[in-house]
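Undergrad: Since the structure of chain A is provided, determine the placement of chain B on it from the hints.
In order, the protein sequences belong to chains A and B.
Number 49 in the numbering used here belongs to position 48 of the first sequence; there are no gaps in the numbering.
Number 132 in the numbering used here belongs to position 28 of the second sequence; there are no gaps in the numbering.
FYI, nobody ran anything at the bench for these hints, they're computed from the structure.
Misleading hints may appear alongside valid ones.
On the chain A side, residues computed to face chain B include the following (Cβ under 8 Å) [what the hints assert, rightly or not]:
hint, residue
1, Y40
2, G44
3, L45
4, L47
We treat Cβ as the ideally placed atom computed from N, Cα and C, and that holds for glycine.
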Amino acid sequence: AQSVTQLGSHVSVSEGALVLLRCNYSSSVPPYLFWYVQYPNQGLQLLLKYTSAATLVKGINGFEAEFKKSETSFHLTKPSAHMSDAAEYFCAVTRMDSSYKLIFGSGTRLLVRP
Amino acid sequence: DGGITQSPKYLFRKEGQNVTLSCEQNLNHDAMYWYRQDPGQGLRLIYYSQIVNDFQKGDIAEGYSVSREKKESFPLTVTSAQKNPTAFYLCASSIGTIVAGGPVDYNEQFFGPGTRLTVL
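Isolated chain A, as found in the complex (with noise of 0.2 Å):
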């Protein structure tokens, strides 16, 4: 079965620093993968995803995320953190039976330091 596994329910960076939200995934067969982020009280937006055309996915506000198969990985980067990416992110991976569900890490909250 299908797992998520998003590592440190919160993070902590400065202003400007390098952000690193870990994601690792099990499954048989390379699936499909999300980035999704949550501010507070709303739902959540999609960041980016994963179309198995590049390892190496842009998206949106500077993120970005690399496909790493051999270490089951899809962690998210950012090279320069601001105030405004303190917010909870979430990896989603597809479940790969019949119904093609996603289903959702547990989530980390980054904390952004001025």
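TA: Here is chain B on its own, set in the frame of chain A:
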């Protein structure tokens, strides 16, 4: 603008009462979903519907019911049988639920703004 609307944004309910959360989309999507979000637990799937007049239980369907009479609407009823209903509820939709080898866009889910339900 196309999107998903949920109403109300905040909802208060007394114990023992049923309450219905609204979800409407004008994206012409076939598939719709309801999730429950609790702190530290991510999103858990309650029900989903792949097509009008059809829906399937998700991982935590007990105490909830849904209907899908129209393509654009997927209301969720939280019944008195739900033991811990206080949570943030999110509705989502996607083009479809894909077929093997199909475009990944079918899986991309678009989310509404959510409804926060509090049981008093």
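Undergrad: Any hints this thing doesn't respect? Which numbers, in order?
TA: 1
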